[in-house]
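J.: So the sequences go chain by chain: A and B. Per the numbering used here, the very first residue in the first sequence carries number 359; after that it's consecutive. Per the numbering used here, the very first residue in the second sequence carries number 359; after that it's consecutive.
Incorrect hints may have been included.
If several chains are the same, the list does not tell them apart, and a pair holds so long as it fits within one copy or across any two.
What the hints assert, rightly or not - Below are the SDA-like pairs computed for lysine to any residue, each with C-alpha atoms no more than 25 Å apart in a straight line:
{"#": "1", "residue 1": "K601", "residue 2": "N635"}
{"#": "2", "residue 1": "K755", "residue 2": "L362"}
{"#": "3", "residue 1": "K601", "residue 2": "G580"}
{"#": "4", "residue 1": "K755", "residue 2": "R455"}
{"#": "5", "residue 1": "K601", "residue 2": "P729"}
{"#": "6", "residue 1": "K639", "residue 2": "G590"}
{"#": "7", "residue 1": "K755", "residue 2": "V453"}
{"#": "8", "residue 1": "K601", "residue 2": "P572"}
{"#": "9", "residue 1": "K441", "residue 2": "D472"}
{"#": "10", "residue 1": "K755", "residue 2": "A452"}
Read the hints as simulated data drawn from the structure, not as lab findings.
Protein chains: 2
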Amino acid sequence: MSQLKGVAVVAHSGGPTQVINASLVGVIEECRQHAEITALWGARNGILGVFEEQFFDLYRQDRALIAAIGLTPGSALGSCRYKVKPEDHERTLAVFRANNVRYFFYTGGNDSMDTAMNVAQLATDSGYELRVIGIPKTVDNDLPETDHCPGYGSAARFFACAVRDIGADLRALPRRVSVIEAMGRNAGWLVASAALARREPDDPPQLIYCPERPLTADQLLGDVEAVYRRLGYAVIAVSEAQKDEKGEPFGADHAMPDSFGWRVTGNLSHILATIINSRLKLRARSEKLGLLGRASAAHISETDRQEARLCGQAAVEAAIGGVTGKMVTLIRQPGPGYSCTTGLADLKDVANSERLLPLEWIHPAGNDVLPAYVEYAAPLAGEIEPLARLEERLVVKAG
Amino acid sequence: MSQLKGVAVVAHSGGPTQVINASLVGVIEECRQHAEITALWGARNGILGVFEEQFFDLYRQDRALIAAIGLTPGSALGSCRYKVKPEDHERTLAVFRANNVRYFFYTGGNDSMDTAMNVAQLATDSGYELRVIGIPKTVDNDLPETDHCPGYGSAARFFACAVRDIGADLRALPRRVSVIEAMGRNAGWLVASAALARREPDDPPQLIYCPERPLTADQLLGDVEAVYRRLGYAVIAVSEAQKDEKGEPFGADHAMPDSFGWRVTGNLSHILATIINSRLKLRARSEKLGLLGRASAAHISETDRQEARLCGQAAVEAAIGGVTGKMVTLIRQPGPGYSCTTGLADLKDVANSERLLPLEWIHPAGNDVLPAYVEYAAPLAGEIEPLARLEERLVVKAG
Numbered sequence: 359m360s361q362l363k364g365v366a367v368v369a370h371s372g373g374p375t376q377v378i379n380a381s382l383v384g385v386i387e388e389c390r391q392h393a394e395i396t397a398l399w400g401a402r403n404g405i406l407g408v409f410e411e412q413f414f415d416l417y418r419q420d421r422a423l424i425a426a427i428g429l430t431p432g433s434a435l436g437s438c439r440y441k442v443k444p445e446d447h448e449r450t451l452a453v454f455r456a457n458n459v460r461y462f463f464y465t466g467g468n469d470s471m472d473t474a475m476n477v478a479q480l481a482t483d484s485g486y487e488l489r490v491i492g493i494p495k496t497v498d499n500d501l502p503e504t505d506h507c508p509g510y511g512s513a514a515r516f517f518a519c520a521v522r523d524i525g526a527d528l529r530a531l532p533r534r535v536s537v538i539e540a541m542g543r544n545a546g547w548l549v550a551s552a553a554l555a556r557r558e559p560d561d562p563p564q565l566i567y568c569p570e571r572p573l574t575a576d577q578l579l580g581d582v583e584a585v586y587r588r589l590g591y592a593v594i595a596v597s598e599a600q601k602d603e604k605g606e607p608f609g610a611d612h613a614m615p616d617s618f619g620w621r622v623t624g625n626l627s628h629i630l631a632t633i634i635n636s637r638l639k640l641r642a643r644s645e646k647l648g649l650l651g652r653a654s655a656a657h658i659s660e661t662d663r664q665e666a667r668l669c670g671q672a673a674v675e676a677a678i679g680g681v682t683g684k685m686v687t688l689i690r691q692p693g694p695g696y697s698c699t700t701g702l703a704d705l706k707d708v709a710n711s712e713r714l715l716p717l718e719w720i721h722p723a724g725n726d727v728l729p730a731y732v733e734y735a736a737p738l739a740g741e742i743e744p745l746a747r748l749e750e751r752l753v754v755k756a757g
Numbered sequence: 359m360s361q362l363k364g365v366a367v368v369a370h371s372g373g374p375t376q377v378i379n380a381s382l383v384g385v386i387e388e389c390r391q392h393a394e395i396t397a398l399w400g401a402r403n404g405i406l407g408v409f410e411e412q413f414f415d416l417y418r419q420d421r422a423l424i425a426a427i428g429l430t431p432g433s434a435l436g437s438c439r440y441k442v443k444p445e446d447h448e449r450t451l452a453v454f455r456a457n458n459v460r461y462f463f464y465t466g467g468n469d470s471m472d473t474a475m476n477v478a479q480l481a482t483d484s485g486y487e488l489r490v491i492g493i494p495k496t497v498d499n500d501l502p503e504t505d506h507c508p509g510y511g512s513a514a515r516f517f518a519c520a521v522r523d524i525g526a527d528l529r530a531l532p533r534r535v536s537v538i539e540a541m542g543r544n545a546g547w548l549v550a551s552a553a554l555a556r557r558e559p560d561d562p563p564q565l566i567y568c569p570e571r572p573l574t575a576d577q578l579l580g581d582v583e584a585v586y587r588r589l590g591y592a593v594i595a596v597s598e599a600q601k602d603e604k605g606e607p608f609g610a611d612h613a614m615p616d617s618f619g620w621r622v623t624g625n626l627s628h629i630l631a632t633i634i635n636s637r638l639k640l641r642a643r644s645e646k647l648g649l650l651g652r653a654s655a656a657h658i659s660e661t662d663r664q665e666a667r668l669c670g671q672a673a674v675e676a677a678i679g680g681v682t683g684k685m686v687t688l689i690r691q692p693g694p695g696y697s698c699t700t701g702l703a704d705l706k707d708v709a710n711s712e713r714l715l716p717l718e719w720i721h722p723a724g725n726d727v728l729p730a731y732v733e734y735a736a737p738l739a740g741e742i743e744p745l746a747r748l749e750e751r752l753v754v755k756a757g
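Input sequences plus hints: build the corresponding full structure.
T.: Put into C-alpha cells, the structure is as follows:
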C-alpha cells in the first residue's frame, strides 16, 4: 500500500447527538498524527458544505477549544438533512479532485452511509484514489453490523434519568399518570432505555411500549388501569413512532372519537394522555422531551463519549491503512466487564438498512422490555444512580 | 419566652421541586440541635398524612441517608394537592393536641401558606401553644414578600440549560423552528429563565413570551418570520399559561381555523408549532419538557439547594425562638456579589397572593425579557456554561 498524500474532509449528516463532536475530535486528533494528511477540512452543514466549498480549517483551531468541543452537544460543523441526488456524488467528487481531497470521513446514520458508499464507488469507477470511511452516529441505534451506535448511550442515559426524575415526582404526588415520549424513529431502542431507570420491580416506568409491537387503545387502557389500581399512579414510556393494530400511527385510529381531531404528528404523548384522561377518568399529562433527548449536555454517557471519539480515530487509522468503503463498527468483547473494540463493515451492508429492537427482548405482554435488553444497554448509558428514599420507619403510637 | 417542649411535624404540599428535600434536611438537622423538640415526624403526603396520622419518624433515619435525600428531587415525604376545608384545620389541631405536637413546619406555595395561617390562628384562638412556620417552595417563584423562592433557581437552571442545548441542535441543523414550553402557572418567571441560556445577542432563544403580556397569533407569526429570515432558524420559549388578547388560553381563539380542534390544555407548544407550520410553512416542532422542569437531578442549582436548606433551618430557629404565623423569606444583600440572608413575613401577607414578573422587566415588544431580569435571576440559577463553538476560520482558496 502506497502512502496517499492529500487533504482530508470530515462532515456530519442528520440529527446531532450529544457525542458527534467527540467523534469529530477523534478525527482531528488522529489526523494530526499522520503527515500524509496535509490539511483537515470540516464541511459546514454536511454535504452542502462540500458542494459550496465551505470548509472549516480544522488545523487552525485552538487545541483547547477542540477539546472543549468534544464535550459539547449539537454539531460543531453543522449538519443537514438533504436528500442526495445521483448528480450530487459527481459534484462531491469534482470538489474533492479540485482540492486534492484524498480522505473523506462521513459521520451519520443509514442515509449518510448510502451517500458515503456512492461517493466511494464513483471514485473507484473513475480511477480517483479516495478513501471513504463512515463513522456511525445515531441516537436511534438502528444501524446494523455494529453492537451499538455512538450517540445512543447518551440519549439512553438522558431518557432513563428523565423517567427516573419524573417518576420521583409522580411517586411524591400520586393519583396521576404521566406519558413520556421518546424519539427513536421506527426502532424501540430509545424508549426501551426507560427500563434503566428502575431498581425495584414496581419502580417507574411501569409500562414501556416499543414500536416494534402494535398497540391498541384497549391494551393501553387495560395496562394503565391495572398499574394505577396497584400503585396509585402510573408512568408510561412511549415511542414517537408507536403504531396501532392497523400499522397506522397510534391515535390516527378511526375507532377513536372523532372529536379527537388533532394533528397526530408530533403529538403522540398528548393523544395518549387525553385518551387515558377521557376513558379512564384519570389525571394524565404528557411530557414530550423531544430534541433535549439528543442534546442534554448534563446527560452525556462517558462510555458513549469515549467510544464516539474512538470511532473517529479508528476511521482515520483505517483510511491511513488503505481501507475505503467501510463504516467503523463497535464490537463488544467477551466479559468479565464491559468493553468494546472497533471493527469495520462494508458500507453496502449498512446503507439504508435498519436494525430494530429484537422482538425477543420485548415482554410477551407487549408492555415492557426484558432483562436481556437491560444487560445490553446498561453499560452504554453508564450508571444511573437510584434516587435516595426514606426508610419506611413510621411513628408507632404507644396507645 | 418559655421553652416549649414537644413533637415537631414537617409536611410538604403541592408539586415537588428539585430542592424541597434540601429544605427537609435543613429542618431535620436543625431540630436535632434542640432538645425541646422531642421527636420529628414527617407527614406522609402532606396534610393528608396529618389527618391519617401517617408519620415518618425522622430521627430514626440513617444520617447518611438523610444527607443523600437532600440531593434528591421529588418529595421524600410525599406531597398532595388537596383543597383544605375549614373543618380540616380542626382535625389537624386535634391530631397535634393528641400527640403533643408543638411545632409545625409546612413547606409549600401560596395555598399551603393559607393552610398554615389557618392552623396557626385556630391554635391561638383555642389556647393551644403551637408554633407554625411556613417554608417557601415553588418553581413558579410567585410568592410575595421574598426575593425569590427555593425551587425556582433549579427549575430556571434546567430550563436555561434545556434551551441552550436544544438551541445548539437547532443551530447545527438549521431551517427549523422549535417551540419550547415552560411551566410556571400564571407567572413568567420560569419562561423568562430561557434568557439565561444566551451569551451573544442572537443566541437562542430569540423569542420569549411571558404570560403577563397577551400574545396574538399575528404577533407570534410576525416575530417568528423576522427571526427566521435573519438567522435561518428560530427558538421560542413560551409559558404553559400564555393568554391571547381576550385573556383566553392562547390557541382557544376562534379566529384560528376551526380544524385546529385540539384540546387546548396541556398542548400549547404543539398548538404554536402547528400554527407556525401551517401559516408560515416553516418546519416547526414542539418540546414540552413538563415535569422534568422541576425534577431533573442533573440541573440542581447549588445556590438554590443551599438556600432551600437554609430556609428549613431558619424555620426551626424561628420556632424555637418563639415565632409563629410566619413564613421564612430570602432577603438579597447589597453587593458586591450575590448573597441572601433569611427573614420572616406574616403568613397573611403571603397566603393566596401571587407575585407576577414585573412588567418593567419585559421587553416593550412583548417578545423578550430585559437585562434587569437576567441580573436578578442569574445568581439563582448558577453559572450556565456556554457551549464551545468553532472559530470562523474557513479554508481560503489560493486560486
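J.: What are the numbers of the hints the structure violates, in ascending order?
T.: none
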